[in-house]
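**Q** Spelled out from the first residue to the last, the chains are:
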Amino acid sequence: MQILSVFISVVGGLAVSFLIYLGLNFIVAKTNTRWNARLLPYVFLGPVLLLIIVFLLVPTGLTVYQSLLKTDQYGLQSFGGLSNYVALFTTPSFIQTLINNLLWIIVVPAITVVIGLGVATLADRMGPKREKTFKSIIFLPMAISAIAASSIWQFVYYYTAPGQPVVGLLNGIWTGLTKADPVAWLQNDTAHVNSLLLMVVVIWLNAGYAMVLLSAAIKGVPEETIEAARIDGANERQAFFRVVAPQIRATIVAVFITVLITVMKLFDIVFAMTSGQFNTNVLGMEFYNQFFSFNNPGKASAVVVILIIAVIPVIIYQVRTYRQQEVLR
Amino acid sequence: MTEIVPTVVTQKTKTGTRAARMTKTSAPKKRPTLTIILGLVAVLWMVPAIGLFVTSFRSTTDAQTTGWWSALLKPFTSAWTFDNYVNAFNGAGAGTGQSLGGEFLNSLAVAIPATVLPIMFAAFAAYAFTFLEFRGKELYFAVIVGLLVVPVQIALIPVLQTYKAITQATGIQITGTYPAAWIVHSAFALPLCIFILRNYMSTLPNALIEAARVDGASHFQIFWRLVMPMSIPALASFAIFQFLWVWNDFLVAYIFLGNGSPVLQQGLLGLLGQYNQGWNLVAAGAFIVLLVPLVVFLSLQRFFVRGLTAGSVK
Chain A
1 MQILSVFISV VGGLAVSFLI YLGLNFIVAK TNTRWNARLL PYVFLGPVLL
51 LIIVFLLVPT GLTVYQSLLK TDQYGLQSFG GLSNYVALFT TPSFIQTLIN
101 NLLWIIVVPA ITVVIGLGVA TLADRMGPKR EKTFKSIIFL PMAISAIAAS
151 SIWQFVYYYT APGQPVVGLL NGIWTGLTKA DPVAWLQNDT AHVNSLLLMV
201 VVIWLNAGYA MVLLSAAIKG VPEETIEAAR IDGANERQAF FRVVAPQIRA
251 TIVAVFITVL ITVMKLFDIV FAMTSGQFNT NVLGMEFYNQ FFSFNNPGKA
301 SAVVVILIIA VIPVIIYQVR TYRQQEVLR
Chain B
1 MTEIVPTVVT QKTKTGTRAA RMTKTSAPKK RPTLTIILGL VAVLWMVPAI
51 GLFVTSFRST TDAQTTGWWS ALLKPFTSAW TFDNYVNAFN GAGAGTGQSL
101 GGEFLNSLAV AIPATVLPIM FAAFAAYAFT FLEFRGKELY FAVIVGLLVV
151 PVQIALIPVL QTYKAITQAT GIQITGTYPA AWIVHSAFAL PLCIFILRNY
201 MSTLPNALIE AARVDGASHF QIFWRLVMPM SIPALASFAI FQFLWVWNDF
251 LVAYIFLGNG SPVLQQGLLG LLGQYNQGWN LVAAGAFIVL LVPLVVFLSL
301 QRFFVRGLTA GSVK
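So the protein lines, in turn, are chains A and B.
Numbered continuously in our numbering, the first sequence closes out at residue 329.
Numbered continuously in our numbering, the second sequence closes out at residue 314.
Treat the hints with caution; some may be incorrect.
[Said to hold, decoys possible] For lysine-lysine, the following DSS-like pairs were computed, each having C-alpha atoms within a straight-line distance of at most 30 Å:
1) A/LYS30 / B/LYS137
2) A/LYS179 / B/LYS74
3) A/LYS129 / A/LYS219
4) A/LYS219 / A/LYS132
5) A/LYS70 / B/LYS164
[As the list claims (entries may be wrong)] Heads up, incomplete: computed chain A residues facing chain B, CB under 8 Å, no partners named:
6) ILE3
7) LEU4
8) SER9
9) LEU45
10) PHE55
11) THR121
12) ALA123
13) ARG125
14) SER145
15) GLY233
16) ARG237
17) ALA300
18) VAL311
19) TYR322
To be clear, the hints were calculated from the coordinates, so they are not data collected in a lab.
Keep in mind the model is a prediction, meaning the values are calculated, not measured.
Each residue gets a CB set at the ideal place from its N, CA and C atoms; glycine is no exception.
Kindly generate the complete structure, drawing on both the sequences and the hints.
**A** Next up, the structure:
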């Protein structure tokens with residue numbers, strides 16, 4: 001029965017969307033040539049513009065507006081100016097959340113790029129068959145969802161009380177090596193151990209992406225430039241840092257930015273593994289807590305606006321790079 | 001899967017690249033040290049997933065009393081079972097009220113249209129951006145490029161509130177239905193999809209399109225008969241990409257589908273919440289959830305990689 005309703009919704013949804021274009025085109029085709037040329041771009045563009053305006057641009061404005069509304073204890077909203085922001089920035093736990101986010105930004109993109117670059121460079125020097133195998137293995141986590149990855153890694157970090165059988169891999173290694181008691185890794189925020197362990201999951205998921213892009217870039221470096229450096233007496237390391245690295249700089253920056261954005265808005269891994277407890281909170285998680293747990297859309301919106309302000313430099317960079325690219329075209 | 005938004009890169013195309021040369025001169029190289037280093041990295045990469053995979057075939061008692069590695073050391077004396085998969089697939093869903101089997105169908109019902117629709121919408125828009133002239137074209141496209149990196153969270157609250165307001169005003173339930181998720185997924189996929197398709201379409205020979213115009217074909221016909229078939233490589237790459245992204249999404253499904261039509265990721269999270277009752281069930285659930293992405297990924301890896309590199313490296 002469910003199969004039937006699934007089938008009908010899928011076919012119906014696709015058919016309706018297609019008919020929208022067909023209908024629009026039919027109407028415009030009835031007009032004279034001059035109007036046709038003028039209107040036609042909007043037949044092609046119209047549904048997209050509508051979706052982007054209604055589901056991206058207007059909500060962005062509404063989110064900014066809502067961040068200025070304060071919610072009282074009865075759930076009623078009134079204009080509160082910057083009160084949500086003031087409340088957030090005067091809460092020590094929110095400052096800690098920002099610090100955690102900063103930690104993620106410092107650690108994860110850099111390590112992801114380094115691992116990706118390392119594997120790409122080393123694999124590039126092997127025979128094609130081995131290269132392909134190794135790259136596939138590193139790349140495989142790309143296909144794994146955040147919740148499945150959380151299941152995989154939460155099992156690695158799993159803690160059972162002393163005396164109970166040790167089932168988690170990390171505690172198995174830990175108790176085997178140190179003969180100490182098992183550690184509740186995800187609840188232990190000494191030196192941000194638990195946050196670092198969460199970062200491992202994100203690096204594990206994204207290193208393959210970095211590797212694929214960087215590998216493609218490395219293969220695009222002309223062999224002559226490396227040969228010339230070798231003839232001039234450069235060793236492998238010099239050849240890499242002085243010749244290859246500058247030529248793939250643009251790709252390194254692009255990968256770095258992509259991982260950076262992923263990390264800034266991170267939510268599901270933290271949600272599935274710690275729910276932001278034990279000092280592992282990040283902005284994406286805080287947004288969720290404010291909206292769903294504390295029922296405070298105003299503060300949740302303020303959290304998003306803070307996130308967006310942090311992303312704005314990247315947006316400007318994107319548009320500028322695109323403009324330069326258009327000039328080169 | 002983590003959502004990946006390719007960034008814009010300026011890189012001039014080079015001739016005589018190493019990739020081109022390698023194919024001519026590459027004799028298989030044997031480098032034992034390299035193989036060992038990379039082998040270690042690869043093992044390190046695989047071990048966490050292997051641990052859960054092994055556990056998915058163990059009984060609850062075994063999984064609670066010994067580490068999976070000990071079962072792996074004595075594979076013939078350990079009791080292996082397929083029950084976990086049966087139980088996870090049929091069992092009453094934890095927290096969502098549906099079994100993973102039912103959630104599997106919901107995931108399909110969300111992912112297929114949420115893959116096809118944005119591609120169709122974006123293909124039309126990309127055609128307009130590539131082959132049609134209209135006022136404000138540059139500005140519109142700059143907005144789309146800017147939207148590439150905007151986090152989803154920006155729109156979630158207002159869209160959810162709008163859905164709820166419409167339900168209150170008209171009585172039509174929106175959240176919990178498939179279209180609620182389709183539209184949000186489509187809207188958020190559009191900027192990237194338009195960007196990729198426009199980049200691809202602008203490499204198509206313009207003369208061919210002009211020739212078709214001269215022969216009296218309308219833009220609608222050119223789009224369906226000429227440009228779409230020629231764009232199949234780009235469309236396929238993005239389709240794989242978008243399908244995996246939607247299949248693996250949790251946040252949008254959680255907010256807009258809730259317990260009305262929960263998808264696999266929600267079911268798995270419910271199972272994960274009960275890991276104290278044994279990791280074997282979580283493990284089997286995780287691999288049921290992973291089945292489709294892994295099949296898609298392993299069989300279409302080439303296109304997937306091409307899609308990734310097309311988005312950013314030019």
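**Q** Now look at each hint and say whether the structure bears it out.
**A** Hint-by-hint comparison with the structure:
| no. | hint | verdict |
| --- | --- | --- |
| 1 | A/LYS30 / B/LYS137 | holds (25 Å) |
| 2 | A/LYS179 / B/LYS74 | holds (24 Å) |
| 3 | A/LYS129 / A/LYS219 | holds (16 Å) |
| 4 | A/LYS219 / A/LYS132 | holds (14 Å) |
| 5 | A/LYS70 / B/LYS164 | holds (20 Å) |
| 6 | ILE3 | holds (6 Å) |
| 7 | LEU4 | violated (10 Å) |
| 8 | SER9 | holds (5 Å) |
| 9 | LEU45 | holds (5 Å) |
| 10 | PHE55 | holds (4 Å) |
| 11 | THR121 | violated (10 Å) |
| 12 | ALA123 | holds (6 Å) |
| 13 | ARG125 | holds (6 Å) |
| 14 | SER145 | holds (3 Å) |
| 15 | GLY233 | violated (21 Å) |
| 16 | ARG237 | violated (15 Å) |
| 17 | ALA300 | holds (6 Å) |
| 18 | VAL311 | holds (6 Å) |
| 19 | TYR322 | holds (5 Å) |
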